[in-house]
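Student: For reference, the chains in residue letters:
There are 2 protein chains.
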Amino acid sequence: MEQTKNGMSSVEASTNPETEMLVLEQLKIMKKGALEILQEDELALKIRRSVTEHQPLIIKLGLDPSAPDIHLGHTVVLRKVRQMQEFGHRAVIIIGDFTGKIGDPTGRSKTRKQLSEEQVRENAATYMEQIFKVLDREKTKVCFNSEWLAKLNFESVIRLAASTTVARLLEREDFSNRYRRQEPIGLHEFFYPLMQAYDSVQIHADIELGGTDQTFNILMGRTLQKSAGQEAQIAIFMPLLEGLDGVEKMSKSLGNYIGVDEAPEVMFKKAMEVPDNLILRYFELVTDLHPDEIETLAKRLSDGENPRSIKLLLAENITALYHGAENATKAKEYFLSVFSAGELPKNMPHVVCTNGEQTLLDIVPHLISDKMIASGSEFRRLIKQGGVSMNGVRVESADTPLATPEAVLKIGKKNFICFDTDRLS
Amino acid sequence: MEQTKNGMSSVEASTNPETEMLVLEQLKIMKKGALEILQEDELALKIRRSVTEHQPLIIKLGLDPSAPDIHLGHTVVLRKVRQMQEFGHRAVIIIGDFTGKIGDPTGRSKTRKQLSEEQVRENAATYMEQIFKVLDREKTKVCFNSEWLAKLNFESVIRLAASTTVARLLEREDFSNRYRRQEPIGLHEFFYPLMQAYDSVQIHADIELGGTDQTFNILMGRTLQKSAGQEAQIAIFMPLLEGLDGVEKMSKSLGNYIGVDEAPEVMFKKAMEVPDNLILRYFELVTDLHPDEIETLAKRLSDGENPRSIKLLLAENITALYHGAENATKAKEYFLSVFSAGELPKNMPHVVCTNGEQTLLDIVPHLISDKMIASGSEFRRLIKQGGVSMNGVRVESADTPLATPEAVLKIGKKNFICFDTDRLS
Numbered sequence: 000m001e002q003t004k005n006g007m008s009s010v011e012a013s014t015n016p017e018t019e020m021l022v023l024e025q026l027k028i029m030k031k032g033a034l035e036i037l038q039e040d041e042l043a044l045k046i047r048r049s050v051t052e053h054q055p056l057i058i059k060l061g062l063d064p065s066a067p068d069i070h071l072g073h074t075v076v077l078r079k080v081r082q083m084q085e086f087g088h089r090a091v092i093i094i095g096d097f098t099g100k101i102g103d104p105t106g107r108s109k110t111r112k113q114l115s116e117e118q119v120r121e122n123a124a125t126y127m128e129q130i131f132k133v134l135d136r137e138k139t140k141v142c143f144n145s146e147w148l149a150k151l152n153f154e155s156v157i158r159l160a161a162s163t164t165v166a167r168l169l170e171r172e173d174f175s176n177r178y179r180r181q182e183p184i185g186l187h188e189f190f191y192p193l194m195q196a197y198d199s200v201q202i203h204a205d206i207e208l209g210g211t212d213q214t215f216n217i218l219m220g221r222t223l224q225k226s227a228g229q230e231a232q233i234a235i236f237m238p239l240l241e242g243l244d245g246v247e248k249m250s251k252s253l254g255n256y257i258g259v260d261e262a263p264e265v266m267f268k269k270a271m272e273v274p275d276n277l278i279l280r281y282f283e284l285v286t287d288l289h290p291d292e293i294e295t296l297a298k299r300l301s302d303g304e305n306p307r308s309i310k311l312l313l314a315e316n317i318t319a320l321y322h323g324a325e326n327a328t329k330a331k332e333y334f335l336s337v338f339s340a341g342e343l344p345k346n347m348p349h350v351v352c353t354n355g356e357q358t359l360l361d362i363v364p365h366l367i368s369d370k371m372i373a374s375g376s377e378f379r380r381l382i383k384q385g386g387v388s389m390n391g392v393r394v395e396s397a398d399t400p401l402a403t404p405e406a407v408l409k410i411g412k413k414n415f416i417c418f419d420t421d422r423l424s
Numbered sequence: 000m001e002q003t004k005n006g007m008s009s010v011e012a013s014t015n016p017e018t019e020m021l022v023l024e025q026l027k028i029m030k031k032g033a034l035e036i037l038q039e040d041e042l043a044l045k046i047r048r049s050v051t052e053h054q055p056l057i058i059k060l061g062l063d064p065s066a067p068d069i070h071l072g073h074t075v076v077l078r079k080v081r082q083m084q085e086f087g088h089r090a091v092i093i094i095g096d097f098t099g100k101i102g103d104p105t106g107r108s109k110t111r112k113q114l115s116e117e118q119v120r121e122n123a124a125t126y127m128e129q130i131f132k133v134l135d136r137e138k139t140k141v142c143f144n145s146e147w148l149a150k151l152n153f154e155s156v157i158r159l160a161a162s163t164t165v166a167r168l169l170e171r172e173d174f175s176n177r178y179r180r181q182e183p184i185g186l187h188e189f190f191y192p193l194m195q196a197y198d199s200v201q202i203h204a205d206i207e208l209g210g211t212d213q214t215f216n217i218l219m220g221r222t223l224q225k226s227a228g229q230e231a232q233i234a235i236f237m238p239l240l241e242g243l244d245g246v247e248k249m250s251k252s253l254g255n256y257i258g259v260d261e262a263p264e265v266m267f268k269k270a271m272e273v274p275d276n277l278i279l280r281y282f283e284l285v286t287d288l289h290p291d292e293i294e295t296l297a298k299r300l301s302d303g304e305n306p307r308s309i310k311l312l313l314a315e316n317i318t319a320l321y322h323g324a325e326n327a328t329k330a331k332e333y334f335l336s337v338f339s340a341g342e343l344p345k346n347m348p349h350v351v352c353t354n355g356e357q358t359l360l361d362i363v364p365h366l367i368s369d370k371m372i373a374s375g376s377e378f379r380r381l382i383k384q385g386g387v388s389m390n391g392v393r394v395e396s397a398d399t400p401l402a403t404p405e406a407v408l409k410i411g412k413k414n415f416i417c418f419d420t421d422r423l424s
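Taken in sequence, the protein lines are chains V and D. By numbering that gives the first Met the number 0, the letter at position 286 of the first sequence is numbered 285, and the numbering carries on one by one without gaps. By numbering that gives the first Met the number 0, the letter at position 69 of the second sequence is numbered 68, and the numbering carries on one by one without gaps.
Any given hint could be a false lead.
30 Å max Cα-Cα, derived DSS-like pairs, lysine-lysine [said to hold, decoys possible]:
id: 1; chain 1: V; residue 1: K329; chain 2: V; residue 2: K225
id: 2; chain 1: V; residue 1: K30; chain 2: V; residue 2: K150
id: 3; chain 1: D; residue 1: K248; chain 2: D; residue 2: K310
id: 4; chain 1: V; residue 1: K150; chain 2: D; residue 2: K150
id: 5; chain 1: V; residue 1: K310; chain 2: V; residue 2: K298
id: 6; chain 1: V; residue 1: K150; chain 2: D; residue 2: K225
id: 7; chain 1: V; residue 1: K27; chain 2: V; residue 2: K370
id: 8; chain 1: D; residue 1: K150; chain 2: V; residue 2: K225
id: 9; chain 1: D; residue 1: K298; chain 2: D; residue 2: K27
Computed beta-carbon distance windows for the label pairs [as the list claims (entries may be wrong)]:
id: 10; chain 1: D; residue 1: E182; chain 2: V; residue 2: E117; range: 18 to 26 Å
id: 11; chain 1: V; residue 1: E170; chain 2: D; residue 2: D291; range: 20 to 28 Å
id: 12; chain 1: D; residue 1: D291; chain 2: V; residue 2: A166; range: 47 to 55 Å
id: 13; chain 1: D; residue 1: E182; chain 2: V; residue 2: E52; range: 52 to 60 Å
id: 14; chain 1: V; residue 1: E117; chain 2: D; residue 2: E24; range: 55 to 63 Å
id: 15; chain 1: V; residue 1: A166; chain 2: D; residue 2: E272; range: 27 to 35 Å
id: 16; chain 1: V; residue 1: H203; chain 2: D; residue 2: S252; range: 44 to 52 Å
id: 17; chain 1: V; residue 1: D173; chain 2: D; residue 2: E182; range: 20 to 28 Å
id: 18; chain 1: V; residue 1: D173; chain 2: D; residue 2: L26; range: 47 to 55 Å
By construction, these hints were calculated from the structure, which means they are not laboratory data. Since the model is a prediction, treat every value here as computed from it, not as a measurement. Each residue gets a CB set at the ideal place from its N, CA and C atoms; glycine is no exception.
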């Protein structure tokens, strides 16, 4: 700490009020939604120096290329990086390909299976395409850490290892738990945090972003940078985003996610499913809305405004980020036309359609199994009587094609069922 | 174990009695004086295969080139290697220069200070000159482990680390003690045992010799060899030799040692100071006497023979190893002539002379401080009266030069003092 402060002693609080305003503004945006910042005072100094010397900060974000599909949960850190890029800072994305290439030499861990150079590059390319839906491509550098890690010789590895102690590594929660439970910890596993920390040294990171599960590794980066005579990076820890169920963390396997690749109408509709108590949190974590505006929205909510109107703003905001303002407006209009007046029940059954199911006739088996109708002939009779509507429009024939990306059917007076037709060709 | 046994399954107990005799003989010699052998059954198999296939075994001995002066304590393992060489086996001496070159990157350990390439080679050269007083130069290969260790890249180091676990390393006594006392263990320190173990893989060691302080590291060699698909080496642990005081381990700093470079008379005389209860142990550990002959000596002792006569054999045997039989006989004769009939007291004061002290006159201050005489004039008077003798011979004048390498003075009826004049020019 002393060292860092000394290294920065020339950058004192400016007497220029314009500079100070800019520093405070950056700090406010960086803090938005963050769980913890280590250390905030050092961050302020770094920002001030960056502003004064017109020198962008280097923002490090380590990514694991094994998770190919990005949803809003992944965008929490990405959006934060993007917001920093708007201030001129530079992002360095580290693809941890070195560990991927090595795999787990013991073969015990399935998540560390060995990948070929080609596989790693391929995964990374798919991944980057999605990441640039959030990040500014011009202000982003992508690095593969095998570039420097593969070159280290034994002597350098020993020096790296000498920067830390066995006791400190055993403090990391997963290690200490396993050690206590007498489950084996391979010595090589102690190097994974060190590799990640060494990346910070290599790129001279000013700030590293990560989830709280990365606390140990990111702080190790500070240690290694100090041993290497560098200024220590600032750690900004972002929380994990709850999924649409409001309980579990957003994840593809739990189905409680909004994918960044989803169609505008689907994205909008899913965003409308965010629980009321998470509306403000979603604004903080997955939109770029300014903290001051979020505060205004918070006041409107606490003043008793219907959360649905604020949620419509949220859904439009999120959709606009990935599909543009125009498509977002259309998605909103579509949503309002289809799901008007809050008529829809909350727990309507959802069915994902397959490619073979193109018309209403094709989905009769689903309607029967969900006990909406007893038979195909009953369905036809209901249609004739005007008792079936799709997305709020009366259906005239059982041959009507299914609406995409979503078809909400009302059968009779109170039965609703939703068909996800997003993937129909 | 299974793996090893499988690997050896073709080498079954031979039906050739000559071969079996040779195997048993080698086993007997290898076991002489050893504290522990892991595993003895595997050792027998290795020897049998070596005899049958006329293939020498590879004996590994790791040496630390930071200790330059060799005494009998160091020769315990060296003699064992030499005895194996007599059966045709090959020694590979590993100079651990890699750790010497790295030093302790934290700078905390004084024993691990960084040495230049040149210093390491120079130390090693001095050291090897002495080692070849015991080993057979023709059947010895000297390796510097930086040859292979310096070349390892990060990936190889990770694979090396993956062969063991944190828990296993923390079982090593010094590590577990420090961890319990919350003293820092640098992560790099965990690599020192692995480096040593990797040496075994590199040279395909069949047998590694060491002290019990090396148990952990030598067994780690077995582990690494098995991971590398090799047959595991046999560990032969030799005990530490007690010094002439019979209590502490032999060491230069305690002064209880016999150096391999010492003059024949000094070596002989010092060997005569070995406590009676250690005579057989010295025969076992620092001579090449056959176990059967040692057994005969043991019987003579237990039958009540004066230990002094057995000790004379020991002293002659040791002296012959380093100065040849002829010089050993001369040293014995000298010893008997000077220190006849057990006249000398056991706890005679010893003084190491400096170069300025050439005659009896020069040592008067020592005699006064040891309260042998009150003044120089008393000393002259005693000489005149025939009351002073040196090495059993009456002294005629105070100008008499001091005898080398040792001058035992008898002053008056019962005062003895010994001057070590070995280093006088």
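Student: Give a verdict on every hint.
Tutor: Hint-by-hint comparison with the structure:
For the proposed pair K329 (chain V) and K225 (chain V), the alpha carbon gap of about 52 Å is over 30 Å, so the pair is violated. Between the alpha carbons of K30 (chain V) and K150 (chain V) the distance comes to roughly 37 Å, so the proposed pair goes past 30 Å and is violated. Restraint check: the Cα-Cα separation between K248 (chain D) and K310 (chain D) comes to about 20 Å, which is no more than 30 Å; the hinted pair holds. Taking the CA atoms of K150 (chain V) and K150 (chain D), the gap is near 11 Å; set against the 30 Å cutoff, the hint holds.
Using a Cα cut-off of 30 Å, the hinted pair K310 (chain V) and K298 (chain V) holds, with the two alpha carbons roughly 14 Å apart. Note on K150 (chain V) and K225 (chain D): the hinted pairing holds, with a Cα-Cα distance of about 28 Å set against a maximum of 30 Å. Our distance criterion of 30 Å between C-alpha atoms is broken by K27 (chain V) and K370 (chain V), whose separation comes to about 54 Å. Straight-line distance between C-alpha atoms of K150 (chain D) and K225 (chain V) comes to about 28 Å, which keeps the hinted pair within the 30 Å bound.
Note on K298 (chain D) and K27 (chain D): the hinted pairing holds, with a Cα-Cα distance of about 19 Å set against a maximum of 30 Å. The hinted window of 18 to 26 Å between E182 (chain D) and E117 (chain V) is violated, with their beta carbons roughly 47 Å apart. A hinted range of 20 to 28 Å is violated for the C-beta pair E170 (chain V) and D291 (chain D), which are about 58 Å apart. Checked against the hint of 47 to 55 Å, the pair D291 (chain D) and A166 (chain V) passes, with Cβ atoms roughly 53 Å apart.
One distance hint, 52 to 60 Å for the beta-carbon pair E182 (chain D) and E52 (chain V), is violated here, with the actual separation near 44 Å. For E117 (chain V) and E24 (chain D), the hinted distance range of 55 to 63 Å is satisfied, since their beta carbons lie about 59 Å from each other. Separated by about 47 Å at the C-beta atoms, A166 (chain V) and E272 (chain D) break the suggested range of 27 to 35 Å. Range check, H203 (chain V) to S252 (chain D): Cβ separation about 49 Å, and the 44 to 52 Å hint holds.
Our hint of 20 to 28 Å for D173 (chain V) and E182 (chain D) holds, since their Cβ atoms are close to 24 Å apart. For the pair D173 (chain V) and L26 (chain D), the supplied restraint of 47 to 55 Å holds, since their beta-carbon distance comes to about 48 Å.
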